[in-house]
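Student: Residue numbers (the numbering used here), protein chains in the order written: chain A, 26 to 431; chain B, 11 to 300.
Rather than coming from a laboratory, the hints here were simulated on the basis of the structure.
Keep in mind it's a predicted model, so treat the numbers as computed, not measured.
Careful: at least some of the hints might be erroneous.
Some but not every residue of chain B turned toward chain A, in silico, with C-beta under 7 Å [what the hints assert, rightly or not]:
1. Val161
2. Ser181
3. Ala185
A few chain B residues facing chain A, derived, Cβ under 7 Å [stated by the list, open to error]:
4. Ala196
5. Ile228
6. Trp245
Positions of the beta carbon are idealized from the N, C-alpha and C atoms, including for glycine.
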Amino acid sequence: VLRPPSALSGAAYWLHDTPEQADFRVQARQWLAVTLAEVCGDVSSPDYDLRLEEYPVRRRWQAALADAGWAGLAWPVEYGGRAFPMALQAVFHEESSRARAPRPLNSIGLYMAGPTIIAFGTEMQKADHLGPILRGDEIWCQGFSEPGAGSDLRGLRVRAQPDGDGYTINGTKIWTSYADVSSYCILLARTSVTAGEASPLSMLLLPMDAPGVTCRPIRQATGKARFCEVVLENVRLPRSALLGAEGQGWQVAMTTIAHERATMGFALQADCAALLDRLTDLAREAGVTGGEIGARLATMRATTSAMRALGRIGLRAYSETGTPGPEGSMMKLTWEQLQHDICVCALELLGTPGGRRVDERRHEYWTATYLRSRGNTIEAGTTEMHLNAISQRILGMPRPPRVMER
Amino acid sequence: MLVLTSGGARTPEQADLTELVARITAEVGACRLDADSRQRHLAALARLRALGMAEITDLPTQAVVAETLGRALFCRAAAEELYQEWASLPDHPAGTGPADDVGRTIGALLEPCQPVTASRTPARPESAAAFALWHGFEALGSAIGALDDAVVHSRRREQFGTPIGVNQAISHRCARLYVDLELAAALGEFAASAQDVTTSAGLEAVAGFSLLAGDVAIRTAEACLHMNGATGFCWEHDAHLRLRRAWTIRALLRRGTSDEASFLLAHYANITELSGESLWQCQSDRRSST
Numbered sequence: 026v027l028r029p030p031s032a033l034s035g036a037a038y039w040l041h042d043t044p045e046q047a048d049f050r051v052q053a054r055q056w057l058a059v060t061l062a063e064v065c066g067d068v069s070s071p072d073y074d075l076r077l078e079e080y081p082v083r084r085r086w087q088a089a090l091a092d093a094g095w096a097g098l099a100w101p102v103e104y105g106g107r108a109f110p111m112a113l114q115a116v117f118h119e120e121s122s123r124a125r126a127p128r129p130l131n132s133i134g135l136y137m138a139g140p141t142i143i144a145f146g147t148e149m150q151k152a153d154h155l156g157p158i159l160r161g162d163e164i165w166c167q168g169f170s171e172p173g174a175g176s177d178l179r180g181l182r183v184r185a186q187p188d189g190d191g192y193t194i195n196g197t198k199i200w201t202s203y204a205d206v207s208s209y210c211i212l213l214a215r216t217s218v219t220a221g222e223a224s225p226l227s228m229l230l231l232p233m234d235a236p237g238v239t240c241r242p243i244r245q246a247t248g249k250a251r252f253c254e255v256v257l258e259n260v261r262l263p264r265s266a267l268l269g270a271e272g273q274g275w276q277v278a279m280t281t282i283a284h285e286r287a288t289m290g291f292a293l294q295a296d297c298a299a300l301l302d303r304l305t306d307l308a309r310e311a312g313v314t315g316g317e318i319g320a321r322l323a324t325m326r327a328t329t330s331a332m333r334a335l336g337r338i339g340l341r342a343y344s345e346t347g348t349p350g351p352e353g354s355m356m357k358l359t360w361e362q363l364q365h366d367i368c369v370c371a372l373e374l375l376g377t378p379g380g381r382r383v384d385e386r387r388h389e390y391w392t393a394t395y396l397r398s399r400g401n402t403i404e405a406g407t408t409e410m411h412l413n414a415i416s417q418r419i420l421g422m423p424r425p426p427r428v429m430e431r
Numbered sequence: 011m012l013v014l015t016s017g018g019a020r021t022p023e024q025a026d027l028t029e030l031v032a033r034i035t036a037e038v039g040a041c042r043l044d045a046d047s048r049q050r051h052l053a054a055l056a057r058l059r060a061l062g063m064a065e066i067t068d069l070p071t072q073a074v075v076a077e078t079l080g081r082a083l084f085c086r087a088a089a090e091e092l093y094q095e096w097a098s099l100p101d102h103p104a105g106t107g108p109a110d111d112v113g114r115t116i117g118a119l120l121e122p123c124q125p126v127t128a129s130r131t132p133a134r135p136e137s138a139a140a141f142a143l144w145h146g147f148e149a150l151g152s153a154i155g156a157l158d159d160a161v162v163h164s165r166r167r168e169q170f171g172t173p174i175g176v177n178q179a180i181s182h183r184c185a186r187l188y189v190d191l192e193l194a195a196a197l198g199e200f201a202a203s204a205q206d207v208t209t210s211a212g213l214e215a216v217a218g219f220s221l222l223a224g225d226v227a228i229r230t231a232e233a234c235l236h237m238n239g240a241t242g243f244c245w246e247h248d249a250h251l252r253l254r255r256a257w258t259i260r261a262l263l264r265r266g267t268s269d270e271a272s273f274l275l276a277h278y279a280n281i282t283e284l285s286g287e288s289l290w291q292c293q294s295d296r297r298s299s300t
């Protein structure tokens with residue numbers, strides 16, 4: 026029996042699940058349905074989506090994931106993971122977003138710091154941190170950006186001066202998400218006796234409660250303070266805090282970023298699909314579903330599906346080669362554009378007569394989501410950096426000549 | 011010098027087929043919208059047919075051929091003859107009916123929140139899906155050709171002592187088009203390889219693909235024309251052919267929707283391709299005679 030196209034009537038999960046993936050999807054969906062209601066409350070209540078951003082909710086969610094074995098799906102078994110293929114991690118991302126689950130609070134630990142520790146950590150570091158990262162007992166942040174080093178990490182100035190059995194660290198990190206609730210930071214710093222841009226980089230595991238660490242939350246365009254300035258004044262760390270070898274920091278950092286792009290790439294797609302579902306609900310509620318809005322919804326829907334297909338292609342390449350391909354940049358660019366377009370469409374809908382009757386808390390949600398989305402073109406590599414990467418590495422466009430350093 | 015290879019993944023057999031079709035179509039060049047060119051292309055079609063091209067039954071391989079034809083700017087009418095032959099193969103999912111229901115599938119996407127009533131349900135989803143896939147891949151192929159041309163030119167053409175591609179206004183526009191192309195290609199690959207394109211999910215993928223492919227074909231053709239400067243604006247350059255092709259295919263892909271936009275599109279298509287060459291016209295004639 027042929028059914029009519031369902032179009033936007035709920036997410037259609039059609040992209041060739043293997044039987045294993047299909048089984049896993051069913052399990053995940055069942056678990057999510059039961060546990061979400063317990064941990065996060067009634068999904069249909071108007072303030073549900075607003076609550077998802079709250080740290081206590083996200084912390085509880087992380088614990089629930091870890092208790093039931095859903096955290097660290099792709100991690101090795103010896104570190105508390107289940108050693109599943111990345112594709113199953115992707116399926117879980119998808120199902121989580123679809124069910125409107127919050128993001129676990131320790132996203133940086135799970136998807137960036139943890140995998141980097143697995144790749145470069147000593148046995149001691151693995152034993153100390155991986156379990157707490159999975160459970161969310163240790164929240165992690167990532168100390169890369171500095172006031173003078175945004176897209177261009179060559180401008181890094183935080184120095185970890187080697188002295189005797191350890192390092193003395195001075196400098197400032199900035200735009201550090203979760204720093205105010207973190208217990209650890211993966212810190213990228215220059216380790217050499219002499220200062221200067223050419224001196225080698227090293228990665229250090231910094232306890233945020235070490236003496237000399239000051240964390241100042243910075244209020245964002247949304248009104249909330251969700252990232253921080255981290256000032257380091259004569260912070261002492263032992264040599265055992267090194268992640269990887271001294272001077273290997275660049276390679277370690279690139280691994281962190283590669284993991285960010287590989288794992289988050291798929292999560293981004295799932296985010297877009299979930300946000301579009303919310304927009305579609307809003308359109309129905311506002312009674313504006315045809316005409317121009319309908320056409321826009323259709324195009325966004327098609328783009329979301331395409332993003333999913335591209336994510337799968339990227340995942341396939343990643344599983345085969347072990348190195349994330351250019352799909353990460355493409356996913357990121359598509360995600361930021363879709364987030365924008367979806368939010369703008371929502372704000373326009375809310376301005377219609379039907380939209381004005383929609384619950385106030387939904388107005389609050391969409392306004393906050395729109396404002397938050399304006400950070401999307403800056404975080405995780407600016408739009409321009411990703412466009413540069415695609416045009417130079419894939420299309421072979423010439424690089425602009427570098428301005429000579431003074 | 012080709013920078014971009016192809017949209018979808020290829021089996022070795024499909025890669026060989028692509029090369030074969032590309033070689034034969036390259037010999038006749040892009041269809042230049044005149045009777046002469048059309049004759050040469052119909053002759054090339056005969057060669058393709060002799061090589062068994064009309065007997066291909068699986069959608070993914072047909073998609074590969076359609077993409078190659080689009081990239082080569084193969085004569086629309088000739089391509090359409092091939093599709094008609096595919097549609098009339100006994101075991102093909104497209105069946106034997108005229109493949110003109112796609113617009114309704116697209117329509118379901120264009121007015122997505124409306125309940126899909128019986129009258130908006132394609133009578134033959136399988137023919138709609140095959141139709142949309144072939145034309146979508148033809149559009150995708152043309153888009154790949156357009157972007158490839160734009161990129162190759164931008165890397166080579168020098169002004170102010172440096173290739174124009176060094177400018178982000180150029181390189182970023184190309185990069186964005188490349189992303190859109192990859193998105194469309196990815197969705198196309200999945201749609202073509204779906205076990206059953208006639209499920210609601212399969213139809214949604216097909217409709218979404220044809221929507222994206224039609225749009226990216228137009229935008230890459232515009233960029234191609236622009237980036238080639240005044241040369242790109244000349245009749246001898248392929249850019250305007252790609253632009254015409256893109257609008258024609260998009261009109262075909264959105265045919266059957268009840269909205270005014272599709273009428274406009276159809277109208278534009280009639281004036282953008284030469285009237286004698288207009289596939290839209292061909293198709294209407296064919297429909298009224300059956």
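Student: If a hint holds in the structure, say so; if it doesn't, say that too.
Tutor: Each hint, compared with the structure:
1. Val161: holds (5 Å)
2. Ser181: holds (4 Å)
3. Ala185: Ala185(B) check passes; min Cβ-Cβ to chain A is 4 Å, inside 7 Å.
4. Ala196: Holds: closest Cβ of chain A sits about 4 Å from Ala196(B), inside 7 Å.
5. Ile228: This interface hint is violated because 14 Å lies over the 7 Å limit.
6. Trp245: This hint is violated: Trp245(B) lies away from chain A, its Cβ roughly 28 Å from the closest one there, beyond 7 Å.
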